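S.K.: Given next are the chains, with one letter for each unit.
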Amino acid sequence: MSAVLDHHGDHAHDHAHDHPSGWRRWLFATNHKDIGTMYLWFSFTMLIVGGINALLLRTELFQPGLQILQPEFFNQLTTMHGLIMVFGAIMPAFVGFANWQIPLMIGASDMAFARMNNFSFWLLPVAAALLVVSYLVPGGATAAGWTLYAPLSVQMGPGMDLAIFAVHIMGASSIMGSINIITTILNMRAPGMTMMKMPMFVWTWLITAYLLIAVMPVLAGAITMVLTDRHFGTSFFNAAGGGDPVMYQHIFWFFGHPEVYIMILPAFGIASEVIPTFARKRLFGYSSMVYATASIAILSFIVWAHHMFTTGMPVTGQLFFMYATMLIAVPTGVKIFNWTATMWRGSMTFETPMLFAIGFIFVFTIGGFTGIVLAVAPLDIQLHDTYYVVAHFHYVLVAGSLFALFAGTYYWIPKWTGHMYDERLGKWHFWMSMITFNITFFPMHFLGLAGMPRRYADYPMQFADFNAVVTIGAFGFGLSQLIFLWAVVKCIRGGAKATDKVWESAHGLEWTVPSPAPFHTFETPPVVK
Amino acid sequence: MSGKPAIQDDRAAADGGTTRASNLRMFGKLVVVACAMFGFGFLLVPLYEKICEVTGINSLTKADRGAAEFARNTQVDRTRKVTIEFDANGRGAWQFRPEVNALEVHPGELVTVVYDLVNTRAVPTTGQAIPSYAPQQSAAYFRKVECFCFEQQELRGNETRRFPVVFVVDPKLPKDVGTITLSYTFFEVAGKAAATQAGAQQARGASTGQGG
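Chains Z and R, in that order, are what the protein sequence lines are.
Going by the working numbering, the first sequence opens with residue -19, and the numbers climb by one from there.
Going by the working numbering, the second sequence opens with residue 24, and the numbers climb by one from there.
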């Protein structure tokens, strides 16, 4: 099988057969596996950067009063933590998985547009550099929150411009990545791989990529309007010229709500790959999974104003957005049910990927429930902009997306490196993450219910105890991720040799190629029966 | 997989050609969708304006034509009093303040208050006042018969002008509302860049801890 590596360099388009080495291999990379690897390392780096931001915030919040940070810098850190984690860590990590896995899973030799793939990756470090540099400009980085709400974003210093450019660039990167992914999935599947035979991860990414193409340009439009308001005298959101700041929120959340599903749908896909393998059963309700994913994507376009219940909306509007939001619980419930049913009476074993996948279901469900609480307009008006909301979206984003990413990493890393990871380190990583995650974020529910507002550098005395606990948990969670780094590095450097199939009950084309997956795979498309 | 490279290769090359073409077609379509959605973002602006116009929300500076008629035909509710607080903010080179800070009025009573506006620059300047109410639900019950916020105001250099606001509070105002705050912000209209810059300076001042 490894013969796929070395034959025939005589195609007209033989760029895929070059084997550059050293830095050229990475800078001029067109191989989906190399690009996937770069995406994953980039996003891990960003996870650490965003995590350091978060730990600085938590250090300040360890005690009431101002100890180490000025409030202005605190606001910059909150904003940058959000931007870096959303656009730098979570989204590129999923694109990294898409690059590595989609061609392997559908039997394609590479992504459809290999050079564009390279470009969409290398835009990201540029955007990240812009964000980091913005700390150093006069007035510091943007401090308007990751949502970049007008009118604050119309008024801030040049750090805001850098953030706008960075988001533009990351948006362009995502759109190009999505075009690549859609084209690969629709046009380059192996013979016999019909749509309804595609692995769930591929399905979820197909739908996610469509969402990205639909909403990323809207975000680009919104921040372009902010930019022209700032520098070219337009008045989209600038009340001084008759603009309306609330309209920014409407346009932003038209992007923003689908965006949260962009960050969770591929996580659903990973869970749907991992759970059947370790339950040793087929995925329960495959087609209902596909329809549920599609319904979540469609519903995501009509619920944006639930982020804006406090902006003064007519009651009929509040009711519409409230019920539409609650409707999303139905397809999401279908998914949770299907995963549970997949495990039901399965011969389960609990290797690290499975632990993270089950942990994902457990903690994501808690985040889903608090989401329903927040969907209720009268409750939301009370809880809006409190730590309850912070707890909610960290339950779905950290425990949802990030845990699924960990599950996927442990699941496929033997295929990537050819070595088994250290199971003991993986289990330590899981349990430490799970426990410290809950120590960090569970008390935030109580803080929010008690009325502690988010995005402040200080708080009244009565919130002190819970905040101290939260900070201790946050440092524990941050340090736990070093175990992950250790496990990954150890796995790259050596370890037990992984078999081609790796897991006893793994199904899918990626397990038919050798471990580690050779540089070129499926040059001759496999036939799927 | 590598057992019969020659035949397979030819087929793969032929397939590669058609795949390449259909990939490029797909690329074109998706780029069109992305560009259309970028345009859609901008289209949302007139769309929302239209929605607000049709549904009558967000019409802060529109003259309330029925207000004078309403004021004449409304019984004054002597049984309760509502405190009206007046607030004024000038964005740009304005000095802007109400002559009284608060009044107690009966719902249904026709009340006049006066705001003073000074153009602190030597050049003529045009501005627009935007009203805002707290609590927000009271906006529907606060009917302005006459207001300088219905149109743009032009002041000569260093001119001081007194603007009356004539209003009546609808007696149907919910009983739990005891205080209404009416806040105006006066924005410069021509030379918006100047106003934005002032805002930016304010924000920058605040972010270095010197603002106020």
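Source of the hints: derived by calculation from the structure; they are not laboratory data.
Predicted model only: the values in this text are computed from it and were never measured.
Be aware that a few hints might be false.
What the hints assert, rightly or not - If you want the footprint, here are the derived chain R segments under chain Z, 3+ residues with CB under 8 Å:
| hint | stretch |
| --- | --- |
| 1 | 44 to 50 |
| 2 | 92 to 105 |
| 3 | 120 to 129 |
| 4 | 178 to 192 |
What the hints assert, rightly or not - Facing chain Z, from chain R, some residues (calculated, C-beta under 7 Å):
| hint | residue |
| --- | --- |
| 5 | 53 |
| 6 | 56 |
| 7 | 57 |
| 8 | 60 |
| 9 | 61 |
| 10 | 64 |
| 11 | 65 |
| 12 | 114 |
Note that the Cβ used here is the ideal one computed from N, Cα and C, for glycine as well.
S.K.: Hint by hint, say whether it matches the structure.
M.R.: Consistency of the hints with the structure:
Only residues whose beta carbon comes within less than 8 Å of a beta carbon in chain Z count, and the stretch 44 to 50 of chain R has 4; three or more means the coverage holds. Counting residues of the stretch 92 to 105 of chain R whose beta carbon lies closer than 8 Å to any beta carbon of chain Z gives 0, which falls short of the minimum of three for the stated coverage. Interface restraint, the stretch 120 to 129 of chain R with chain Z: violated (0 residues with C-beta to C-beta distance below 8 Å; minimum three). Beta-carbon proximity to chain Z at under 8 Å applies to 0 residues in the stretch 178 to 192 of chain R; the threshold of 3 is not reached and the given coverage is violated.
Evaluation of the residue 53 of chain R hint against chain Z yields a held restraint, the C-beta minimum of about 4 Å falling below 7 Å. Taken as an interface hint, residue 56 of chain R checks out: its beta carbon lies about 6 Å from the nearest beta carbon of chain Z, inside 7 Å. Residue-level restraint check for residue 57 of chain R holds (minimum Cβ-Cβ distance to chain Z is 5 Å; threshold 7 Å). Below 7 Å, beta-carbon pairs count as interface contacts, and residue 60 of chain R has one with chain Z at about 4 Å; its hint therefore holds.
The interface hint given for residue 61 of chain R is met, as the beta carbon of that residue sits about 4 Å from the closest beta carbon of chain Z, less than 7 Å. Interface hint at residue 64 of chain R: satisfied, since its Cβ lies 3 Å from the closest Cβ of chain Z, which is below the 7 Å cut-off. Taking 7 Å as the C-beta contact cut-off toward chain Z, the hint placing residue 65 of chain R at the interface holds, the least distance being around 5 Å. The beta carbon of residue 114 of chain R is positioned within 7 Å of a beta carbon in chain Z (closest approach about 6 Å), and the interface hint is therefore held.
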